[in-house]
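Colleague: This is what each chain is made of:
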Amino acid sequence: MNRTAFRRAAVPGIAALALALTACGGSGGTDADVPEGLSGEIKIDGSSTVTPHTIPAAELFFEATGGSVKVPVATSGTGGGFAKFCAGETDISMASRPIKQDEADICAANGIEYVQLGISNDGLAVAINNDNDWATCFTVDELNAFWADGSTVSTWQDVNPEWPAEEVRLFGPGHDSGTFDFFTEVVNGESGNINTGYTDIGEDDNAAIEGVAGSVGAMSFVPLSYVLESGGKVQAAAIENSSGECVEPSLETVRDGSYEPLGRQLFIYPSGSALERDEVKAFIEFYVANQEEIALEAKLIPLTDEQVAEVESRVAELTAS
Amino acid sequence: MRTAAHNRNAVNAAREITLAQLDGSQRQGRWKGPAFEAVLLTAIFVAILTLLAVILWALTAGWERLDLNLLRNMPSGMASRLGESGMQSAIIGTFYVMVGLIVTVVPLGVSAAIYLEEFADHDTWYVRIIEINLRNLAAVPSIVFGILGLAFFYRGGLSLGSVVYTGSLTLTMLVLPTVIVTAREAIRAVPPSIRHASMGMGATKWRTIWHQVLPSSIPGIVTGTILALSRAIGEAAPLIMIGAATFVGWNPDGPFEGSFTVLPVQIFFWSAQANTDFHILAAAGVIVLLGMLLMMNSFAIWLRNRFTREW
Numbered sequence: 001m002n003r004t005a006f007r008r009a010a011v012p013g014i015a016a017l018a019l020a021l022t023a024c025g026g027s028g029g030t031d032a033d034v035p036e037g038l039s040g041e042i043k044i045d046g047s048s049t050v051t052p053h054t055i056p057a058a059e060l061f062f063e064a065t066g067g068s069v070k071v072p073v074a075t076s077g078t079g080g081g082f083a084k085f086c087a088g089e090t091d092i093s094m095a096s097r098p099i100k101q102d103e104a105d106i107c108a109a110n111g112i113e114y115v116q117l118g119i120s121n122d123g124l125a126v127a128i129n130n131d132n133d134w135a136t137c138f139t140v141d142e143l144n145a146f147w148a149d150g151s152t153v154s155t156w157q158d159v160n161p162e163w164p165a166e167e168v169r170l171f172g173p174g175h176d177s178g179t180f181d182f183f184t185e186v187v188n189g190e191s192g193n194i195n196t197g198y199t200d201i202g203e204d205d206n207a208a209i210e211g212v213a214g215s216v217g218a219m220s221f222v223p224l225s226y227v228l229e230s231g232g233k234v235q236a237a238a239i240e241n242s243s244g245e246c247v248e249p250s251l252e253t254v255r256d257g258s259y260e261p262l263g264r265q266l267f268i269y270p271s272g273s274a275l276e277r278d279e280v281k282a283f284i285e286f287y288v289a290n291q292e293e294i295a296l297e298a299k300l301i302p303l304t305d306e307q308v309a310e311v312e313s314r315v316a317e318l319t320a321s
Numbered sequence: 322m323r324t325a326a327h328n329r330n331a332v333n334a335a336r337e338i339t340l341a342q343l344d345g346s347q348r349q350g351r352w353k354g355p356a357f358e359a360v361l362l363t364a365i366f367v368a369i370l371t372l373l374a375v376i377l378w379a380l381t382a383g384w385e386r387l388d389l390n391l392l393r394n395m396p397s398g399m400a401s402r403l404g405e406s407g408m409q410s411a412i413i414g415t416f417y418v419m420v421g422l423i424v425t426v427v428p429l430g431v432s433a434a435i436y437l438e439e440f441a442d443h444d445t446w447y448v449r450i451i452e453i454n455l456r457n458l459a460a461v462p463s464i465v466f467g468i469l470g471l472a473f474f475y476r477g478g479l480s481l482g483s484v485v486y487t488g489s490l491t492l493t494m495l496v497l498p499t500v501i502v503t504a505r506e507a508i509r510a511v512p513p514s515i516r517h518a519s520m521g522m523g524a525t526k527w528r529t530i531w532h533q534v535l536p537s538s539i540p541g542i543v544t545g546t547i548l549a550l551s552r553a554i555g556e557a558a559p560l561i562m563i564g565a566a567t568f569v570g571w572n573p574d575g576p577f578e579g580s581f582t583v584l585p586v587q588i589f590f591w592s593a594q595a596n597t598d599f600h601i602l603a604a605a606g607v608i609v610l611l612g613m614l615l616m617m618n619s620f621a622i623w624l625r626n627r628f629t630r631e632w
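From first to last, the protein sequence lines stand for chains A and B.
Numbered continuously in this note's numbering, the first sequence closes out at residue 321.
Numbered continuously in this note's numbering, the second sequence closes out at residue 632.
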């Protein structure tokens, strides 16, 4: 049913679109569970990894409410998003890692309460050049040797004697990125611990793909979707998980949890005061209820049934109070 | 009028002599003329080639999405709708921000220029400091103005939040030096004889400026404004700083309420997406942005020609 609603809504023209949606309102589209009479604006800011996921939610919710609840989405990165969120300037923050202690402290100091909701899954891919035929499976220790602060690695051979003496070039996102925080924490043991010789590509993960495609010895870490959507420009290396298996990242291995430790959840953080507003409650319910369709539209990885059950019970708790 | 005719004769004579010399009628440095010309031509060629390359790239990359839906529809982030996704909110947002910018920066910039040219005493220390600052301000990176806008317009002093006029004000700070400097040049280019004549007829200083100096310097001021707007319309970084959104599915409510987005922010966001269909939209957005810039500048040039006077 939901899929039909999507297709019908894809009629060009704003007026036509509004009409089409009004038309399927009764037939049980995505808007079935949205109460009437909502209005207002829900400000969202944060992670560039979660943004493509939140936009379809915002778009569909705007339509489901007949255009009376506006949900603008901005993209300042996970850290930048929390900075605005904890200053009370946004209603919901998007994050590709859990909130950090120092951020939580600022929120607490400003009296901002929040809850964390897992909204989709994401794998962090280690992207390598297509001509790299030697790095078939990385261990976390090997990754650490490349990426840790103070690393003296200059060729691949320095890490593993079986690898060629190809020069290593590292690309990665900037310090405001949740992807950066997550990777450095998992691989280097501490968020922010990074080989200072890496090339910072800011919030534009495509630049990392281009960089890796451009030199044989290059490596980067990017959200899996960027590798999948690059059309074979680069390849995602397999990572050895905690049970000693080499697992390549894919929609399935990320979702079933066998791709670890670089599989992760993506989060939204609604603020306590925002959750007291009916339109925010309705939006959160809508987002969670339609997470699978939304994730597919955003070409991201939906939640597992267990995760859905967990988030739904969280949301039910929140909206009941 | 007489003097003007004399001047023109003198200019013509000088031009003929120069041309004759460049022609190579002099024996020494005969090759220098053509070599100089070749260097100049290369410079123009490089400039035009760069612009052509950008336009060609954007046309090829965005060709399949250069349609009316671009103007008619709102942006979409859904894979199934990318074929129809538009950028109306970004186009209207850009237009609003530019209008807010013009109505703020032109009066501010021109007033400052009039003060500096007609009233200020250039020997005083504070006028000197102002002048030095103006020149330095023109070289400050745009992101710095973004931080300024965040601190004083979004938060702090004005606390406007993330609205269209916050964007206009932030860009105003960015291009104000350009407007002031060019407006000063324009005011300075008005011949003193005009001022003297006006004063001689008994006009006050205020009337002289309002009725003589200002109308005569409009073409120069407009040129400066074109330069300023052309720079401002392409800025993404300072606007992202003050919270211009990456998704807004409706047009801005007004200058002081509701969130907004602009074309450069939308283009930047789209080009950073994993889904390569967004990149087609980004390229199409580049063409739309260039089109808007061209229309804005055409209007300004028309305005300039209307007001051009010859002395």
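Treat the hints as calculated values from the structure; they're not laboratory data.
As the structure is a computational prediction, the values presented were derived from the model and not from experiment.
Just to be clear, a hint being listed does not mean it is correct.
[Stated by the list, open to error] Computed far set for chain B versus chain A, every beta-carbon distance over 10 Å:
1) PHE366
2) PRO462
3) LEU535
[Claimed, not checked] Derived SDA-like pairs: lysine to any residue, alpha-carbon spacing no greater than 20 Å straight-line:
4) A:LYS299 / B:ASN596
5) A:LYS299 / B:ASN618
6) A:LYS299 / B:SER401
7) A:LYS233 / B:ASP598
8) A:LYS233 / B:ILE601
9) A:LYS233 / B:ALA382
10) A:LYS233 / B:ASN596
11) A:LYS299 / A:GLY231
12) A:LYS233 / A:THR136
13) A:LYS299 / B:LYS353
14) A:LYS100 / B:ASP598
15) A:LYS233 / A:ASP133
16) A:LYS233 / A:SER250
17) A:LYS299 / B:ASP598
18) A:LYS233 / B:THR597
19) A:LYS299 / B:THR597
20) B:LYS353 / B:GLU337
21) A:LYS299 / B:GLU337
Ideal placement from N, C-alpha and C gives every residue a C-beta, glycine not left out.
Colleague: Next step is simple, just say for each hint if it's right about the structure.
Modeller: Against the structure, the hints:
No Cβ of chain A approaches the Cβ of PHE366 of chain B within 10 Å, the least distance being about 28 Å, so the stated non-interface status holds. Distance to chain A confirms PRO462 of chain B as a non-interface residue, since its nearest Cβ pair spans about 15 Å, more than 10 Å. The beta carbon of LEU535 of chain B sits about 41 Å from the closest Cβ of chain A, which is more than 10 Å, so the claim that it is off the interface holds. Proximity of LYS299 of chain A to ASN596 of chain B is assessed by CA-CA distance (about 8 Å); at most 20 Å being required, the pair is judged to hold.
Restraint check for LYS299 of chain A and ASN618 of chain B: not satisfied, since their Cα atoms lie roughly 40 Å apart, outside the 20 Å limit. As the CA atoms of LYS299 of chain A and SER401 of chain B are separated by approximately 10 Å, the hinted pair is consistent with the 20 Å bound. Under the criterion of a C-alpha separation no larger than 20 Å, the hint pairing LYS233 of chain A with ASP598 of chain B is consistent with the structure, at around 15 Å. For a cut-off of 20 Å, the pair hint linking LYS233 of chain A to ILE601 of chain B stands: about 17 Å separates their Cα positions.
Only pairs whose Cα atoms come within 20 Å are accepted, and LYS233 of chain A paired with ALA382 of chain B is accepted, the gap being roughly 18 Å. The suggested pairing of LYS233 of chain A with ASN596 of chain B holds, with an alpha-carbon distance near 13 Å, which does not exceed 20 Å. Annotation: proposed proximity of LYS299 of chain A to GLY231 of chain A holds, straight-line Cα distance about 14 Å (limit 20 Å). With a C-alpha separation of about 17 Å, the suggested pair LYS233 of chain A and THR136 of chain A falls inside the 20 Å cut-off, and the hint holds.
A C-alpha spacing of about 62 Å is found between LYS299 of chain A and LYS353 of chain B, which places the hinted pair above 20 Å, so the restraint is violated. Between LYS100 of chain A and ASP598 of chain B the CA atoms are separated by roughly 34 Å; this puts the pair beyond 20 Å, and the hint is violated. In summary, the hint linking LYS233 of chain A to ASP133 of chain A is supported, as the alpha carbons are separated by about 14 Å, within the 20 Å threshold. A C-alpha spacing of about 16 Å is found between LYS233 of chain A and SER250 of chain A, which places the hinted pair at or below 20 Å, so the restraint holds.
Restraint check for LYS299 of chain A and ASP598 of chain B: the C-alpha separation of about 12 Å stays at or below 20 Å, so the hint holds. With a C-alpha separation of about 12 Å, the suggested pairing of LYS233 of chain A with THR597 of chain B holds against the 20 Å cut-off. Taken as a hint, the LYS299 of chain A and THR597 of chain B pair is honoured in the structure, with Cα atoms around 11 Å apart against an allowance of 20 Å. A distance of roughly 18 Å separates the Cα atoms of LYS353 of chain B and GLU337 of chain B; the hinted pair therefore holds under the 20 Å criterion.
Pair hint LYS299 of chain A plus GLU337 of chain B does not hold up; C-alpha atoms about 69 Å apart against a cutoff of 20 Å.
In the structure shown, a violation is registered for the earlier hints numbered 5, 13, 14, 21, in ascending order.
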